[in-house]
Amino acid sequence: MSVILTAIATLGAIGAGSAGILYLVSQKFKIEEDPRIQDVLDTLPGANCGGCGFPGCAAFAATCVKAETLEGLNCPVGGQPTMDKVAFILGQTASKTAKKVAVVRCSGSCDERPRLNLYDGSSKCSIAAALYGGDTGCSFGCLGLGDCVEACTFDAIHINPATRLPEVVEDKCTACGACVKACPKDIIELRKQGPKSRRIYVSCVNKEKGGVARKACNVTCIGCGKCQQVCPFDAITIENNLAYIDDDKCRLCRKCVAVCPTHAIIELNFPPRKETPQSPKEEEATITA
Amino acid sequence: MLKSFRIGGIHPKENKLSAGRAIQPIAVPAQVIIPLSQHIGAPCQPVVKKGDKVKVGTLIGKSVGFVSSQIHSSVSGTVLKIDKALDASGYKRDAVYIKVEEDEWEETIDRSESLVSESAFTPKEILEKIAAAGIVGMGGATFPTHVKLTPPPGTKAEVLIINAVECEPYLTSDHQLMMEKSDEILVGITLVMKALNVQRAIIGIENNKKDAVALFTQKAKAYPGIAVEALKMQYPQGGEKQLIDALIRRQVPSGALPISVGAVVQNVGTIFAIYEAVQKNKPLVERVVTVTGKEVQRPCNLRARIGIPLTTLIEAAGGLPESTGKVICGGPMMGKALASVDVPVTKGTSGILIVPSPEAKRKAMNDCIRCGKCVEVCPMGLNPTLLMTLTEYGVWDKAEKNAITDCIECGSCSYTCPANRPLLDYIRLGKGKVNGIIRARKN
Amino acid sequence: MEQKLIVSPSPHIHSGDTIQKNMYAVLIALIPAFLVALYTFRLDALLITVLSVLFCVGFEYLIVRFIQKKEPTVLDGSAIITGVLLAFNVPSNLPVWILALGALFAIGVVKLSFGGLGNNIFNPAIAGRIFLLISFPAQMTTWPMPATAAAATDAVSSATVLGALKHSPEALPAIQEMFLGFEPGSMGEVSAAALLLGLIYLLWKKVITWHIPVTILATVALFTGILYLFDPIPLYDPLIHLFSGGLMLGAVFMATDYVTSPFTKKGMMIYGVGIGLITVAIRLWGAYPEGTSFAILLMNAFTPLINNYTKPKRFGEVVKHG
Chain A
109 MSVILTAIAT LGAIGAGSAG ILYLVSQKFK IEEDPRIQDV LDTLPGANCG
159 GCGFPGCAAF AATCVKAETL EGLNCPVGGQ PTMDKVAFIL GQTASKTAKK
209 VAVVRCSGSC DERPRLNLYD GSSKCSIAAA LYGGDTGCSF GCLGLGDCVE
259 ACTFDAIHIN PATRLPEVVE DKCTACGACV KACPKDIIEL RKQGPKSRRI
309 YVSCVNKEKG GVARKACNVT CIGCGKCQQV CPFDAITIEN NLAYIDDDKC
359 RLCRKCVAVC PTHAIIELNF PPRKETPQSP KEEEATITA
Chain B
431 MLKSFRIGGI HPKENKLSAG RAIQPIAVPA QVIIPLSQHI GAPCQPVVKK
481 GDKVKVGTLI GKSVGFVSSQ IHSSVSGTVL KIDKALDASG YKRDAVYIKV
531 EEDEWEETID RSESLVSESA FTPKEILEKI AAAGIVGMGG ATFPTHVKLT
581 PPPGTKAEVL IINAVECEPY LTSDHQLMME KSDEILVGIT LVMKALNVQR
631 AIIGIENNKK DAVALFTQKA KAYPGIAVEA LKMQYPQGGE KQLIDALIRR
681 QVPSGALPIS VGAVVQNVGT IFAIYEAVQK NKPLVERVVT VTGKEVQRPC
731 NLRARIGIPL TTLIEAAGGL PESTGKVICG GPMMGKALAS VDVPVTKGTS
781 GILIVPSPEA KRKAMNDCIR CGKCVEVCPM GLNPTLLMTL TEYGVWDKAE
831 KNAITDCIEC GSCSYTCPAN RPLLDYIRLG KGKVNGIIRA RKN
Chain C
2 MEQKLIVSPS PHIHSGDTIQ KNMYAVLIAL IPAFLVALYT FRLDALLITV
52 LSVLFCVGFE YLIVRFIQKK EPTVLDGSAI ITGVLLAFNV PSNLPVWILA
102 LGALFAIGVV KLSFGGLGNN IFNPAIAGRI FLLISFPAQM TTWPMPATAA
152 AATDAVSSAT VLGALKHSPE ALPAIQEMFL GFEPGSMGEV SAAALLLGLI
202 YLLWKKVITW HIPVTILATV ALFTGILYLF DPIPLYDPLI HLFSGGLMLG
252 AVFMATDYVT SPFTKKGMMI YGVGIGLITV AIRLWGAYPE GTSFAILLMN
302 AFTPLINNYT KPKRFGEVVK HG
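Residue numbers (my numbering), protein chains in the order written: chain A, 109 to 397; chain B, 431 to 873; chain C, 2 to 323.
Because the hints were derived from the structure by calculation, they are not lab data. Mixed in with the good hints there might be a few duds.
[As the list claims (entries may be wrong)] Under the rule of at most 25 Å between Cα atoms (straight-line distance), these lysine-lysine pairs were calculated in the DSS-like manner: (1) Lys315/A / Lys514/B; (2) Lys640/B / Lys323/A; (3) Lys529/B / Lys640/B; (4) Lys651/B / Lys624/B; (5) Lys793/B / Lys207/C; (6) Lys480/B / Lys315/A; (7) Lys479/B / Lys529/B; (8) Lys793/B / Lys312/C; (9) Lys522/B / Lys5/C; (10) Lys831/B / Lys312/C; (11) Lys289/A / Lys522/B; (12) Lys5/C / Lys831/B; (13) Lys312/C / Lys828/B.
[To be verified] Over the 10 Å line for every Cβ pair with chain B, so calculated as not near, a few chain C residues: (14) Phe137; (15) Met146; (16) Ala288; (17) Phe316.
[Unchecked claim] What follows is a set of in silico ranges between Cβ atoms, one per label pair, in the way DEER data are often shown: (18) Ile139/A / Gln140/C: 19 to 29 Å; (19) Glu822/B / Lys204/A: 37 to 47 Å; (20) Lys5/C / Glu822/B: 24 to 34 Å; (21) Ser136/C / Glu822/B: 34 to 44 Å.
Note that beta-carbon positions come from the ideal geometry of N, C-alpha and C, so glycine has one too.
Next up, chain A with everything else stripped away, as it sits in the complex (with noise of 0.2 Å):
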């Protein structure tokens, strides 16, 4: 009986005095931190993703914390709430950022554009693009072997097996820019998310003169400037052979997808059209003729 007392006795007191020391050391270590920050940093997704362009989330709400004006600062996976609710704690006003989303600007599927050569390097896009223009006729396209994929730390992008082409999920994708980063030929890009999904990009980045970068792929833009007519908005500009929508311009009406010979045009989620003013096929059709 008494051994079981001491050993209750002496475990107790070392117990009792180890906790005194940990007490009295945090004590006297103590770091004074604005408390705010702490708050911010509560109401961050703590992703850690750097999509905002600091060196993860304590380093954005200490920035938030210190900075005059929340202007210019956002953060891209939390959105338009997270930061109403940052500058409520800091008793500011949020600015106003639309919603964004990574898109990929290339549709070269193995169909429309067919394998000239195999790749046997190790399979990173950085790698194959710093070795040749890739295992197809068009340099500036996708390389399929998904460096987007690995950088992307929120499981958003993944290579659709089918068409060796990434596919971006979009309720995952919060826009953090990693995949924008990691692709070595430039192909993704952030584009505003729209209203109820609805988006209308160039969906190439060639930049090579029609006839060559048609031989490539059946679905480039080759440059023909069909859709900087047609467009009311003066949204889309062509250079180097390439269309490229401003989505701050673009109103979405869907003019320029329709006239797009090759299809390089994507409009996403859109209700389907009632009567089609000119079928697309036949409008190909006269233009390869």
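Since the structure of chain A is provided, determine the placement of chains B and C on it from the hints.
Just chains B and C, lined up with the frame of chain A:
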């Protein structure tokens, strides 16, 4: 005991199938494509336009910037267009398309075979002629030669080293050139010695070319200051830093140029081009190319004009074999695999190697078993497996600390790895990234 | 184009060296020691070795296939080596179920739970042996007399040389017997001569370099040799230390395991010296008569640290000028 470099090295099988085959000139096809970027540095500005008549030796691309090199027409005919063309780099770049008519040469070029050994040019004139002739390092690096022969202020060359190692398996173009043009090469060496104002030159030849060693040892007696040294067969004996270490026992410090230890290295093919440029007024319009491979009908050494498509050369060697899996521009260790054989010969094309498909595919990769064989063979004394891991995880600061930028991309690590790990793939990627970070920091 | 060309970054040739080749070379190098074990311990040796290999390969196959759900790679030879080395490290009369436990621990815990070949921190065979030694000290330290001597005495158990060294130095066998392997001990350890033959083969085939085995043996010889100079008793005799116990087997086959030894020459030598020192320290002053396997296990743990602090000699660092 033969001389060699002191760290690492491997012994790949030589496979010099085309050794001893006399250099054959190859007929010019109906059209050539001459890329405007055949060297390290800024691409050339075209100085001809569609419809212009050119002769062999006519300047068609003017060098812009300090590190750049002139480009001349290798044929006579009419300029068809200036457009993008796929070259051995794997990307499309600007090139001059020329329709071939006759074979008319610029009058200033001396086309005779006679040896001109006397030279009254001053060092400055020699350098000017080299620059005007568009000569670049012909071992494969294609660095503009006149830049390399102009030591930066404050440095002084002490010794000229002639790289006649040809340590890449299969390739024989330098070897055959040495056997056929020994006198021209020796005159070329004296010219470069004069240009650099050095009294000493060493020709380093790997000991698998005993005939070349004997020939040059005998002939060099007539040239004061030129020594010949047989080197141990060990890859990468022809690496610039390795060769300097082997011959004069000095190691170029990390990040420095060979001139920092008083050495200037020139490839033997470059020396021959210098001889032709200075003594014969002939710009660099052709070079010797080895076409070889285990299943190639007639492995051979060809004298090909710049801009001829590789297909023409392959036809001359008996055509592309049925079994072809891979076509490599250069040697098997450092050469570039081609996506298409429809690319032109350029100044840096030392050989075309055709690999049968069973050998062309890489074997499946395993986990690293930490055997340390890559560390053992690395001629730069790096730790390849560590550098690969650091690149995989993007730890650039550590990669820099472990001297990833010292890598010479010789491929010894990947060659050796028993787990078939693509070490060099990753190290090359990491080296590029770290170099980018260093450049960004400087600016 | 009718045929698609294959494109990959350089280099385009490979030495042809594979993990299998290295592993099977090690197995070939183990043959002399195996033959001596057969001669010394007769059928028991064969039985234990075959069973041990079967256990190791079997466990690896089952675990990889059904627990990790990956494609088993048992034929790379590493599990076979673990099996052979484990067998060599136990007495030839060990109960089979204990052997099976050892194999399960070596393969399942030490090797596969860390990620399989290349990712394990400790040498599986060494860790398996130590696991058995600690769990079943009686069975693991009861050695049969060699069959060569058994005819006379028919002894079931006898002390090893190292045991005798500590407790009854008068019972020591002659040095040449230890060298050839006719003394009691774990079955693969007994013949220094056969193990040295294996070492020569491995060096010739360039599977390993001399650095690790030579530094271990030299350290042991030097350490005990110095003590012997001051006090020439059998306990300090360097020859006895070199040719007895598991030192030779450990130095040649277990310490040189690629996965758990350092990369660089410098690192290998630090590692070797460490093993030598710890071995002698345990042998002379520890509770166990033998310390090689503990020494290797300890230095395995230091390998990442050694790798971190020993950089290969870089080009350009040797001499700056002249």
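Structure-based check of each hint:
1. Between lysine 315/A and lysine 514/B the alpha-carbon distance is near 12 Å, which keeps this suggested pair within the 25 Å criterion.
2. Between the alpha carbons of lysine 640/B and lysine 323/A the distance comes to roughly 52 Å, so the proposed pair goes past 25 Å and is violated.
3. Annotation: proposed proximity of lysine 529/B to lysine 640/B is violated, straight-line Cα distance about 43 Å (limit 25 Å).
4. A C-alpha spacing of about 18 Å is found between lysine 651/B and lysine 624/B, which places the hinted pair at or below 25 Å, so the restraint holds.
5. Restraint check for lysine 793/B and lysine 207/C: the C-alpha separation of about 22 Å stays at or below 25 Å, so the hint holds.
6. For a cut-off of 25 Å, the pair hint linking lysine 480/B to lysine 315/A stands: about 23 Å separates their Cα positions.
7. Straight-line distance between C-alpha atoms of lysine 479/B and lysine 529/B comes to about 13 Å, which keeps the hinted pair within the 25 Å bound.
8. For the proposed pair lysine 793/B and lysine 312/C, the alpha carbon gap of about 30 Å is over 25 Å, so the pair is violated.
9. With a C-alpha separation of about 19 Å, the suggested pair lysine 522/B and lysine 5/C falls inside the 25 Å cut-off, and the hint holds.
10. The hinted pair formed by lysine 831/B and lysine 312/C meets the criterion: a straight-line CA distance of about 11 Å does not exceed 25 Å.
11. For the suggested pair lysine 289/A and lysine 522/B, the alpha carbons sit about 24 Å apart, so the restraint of at most 25 Å is met.
12. Between the alpha carbons of lysine 5/C and lysine 831/B the distance comes to roughly 41 Å, so the proposed pair goes past 25 Å and is violated.
13. Only pairs whose Cα atoms come within 25 Å are accepted, and lysine 312/C paired with lysine 828/B is accepted, the gap being roughly 13 Å.
14. For phenylalanine 137/C, the requirement that its beta carbon stay farther than 10 Å from each beta carbon of chain B is met, with the minimum near 31 Å.
15. With 10 Å as the threshold on Cβ separation, the claim that methionine 146/C sits away from chain B holds: the shortest Cβ distance comes to roughly 39 Å.
16. With a cut of 10 Å on Cβ distances, alanine 288/C stays outside the contact zone with chain B, its closest approach being about 33 Å.
17. Once the 10 Å rule is applied to beta carbons, phenylalanine 316/C is inconsistent with being away from chain B; the minimum gap is 4 Å.
18. Against the hinted window of 19 to 29 Å, the Cβ-Cβ separation of isoleucine 139/A and glutamine 140/C comes to about 58 Å, which falls outside the hint.
19. Hint check: glutamate 822/B to lysine 204/A, Cβ distance near 40 Å, so the stated range 37 to 47 Å holds.
20. The hint said 24 to 34 Å for the Cβ distance between lysine 5/C and glutamate 822/B, and at roughly 29 Å that hint holds.
21. Roughly 39 Å separates the CB atoms of serine 136/C and glutamate 822/B, a value that falls within the hinted 34 to 44 Å.
Of the hints listed earlier, those the structure fails to meet are numbers 2, 3, 8, 12, 17 and 18, in rising order.
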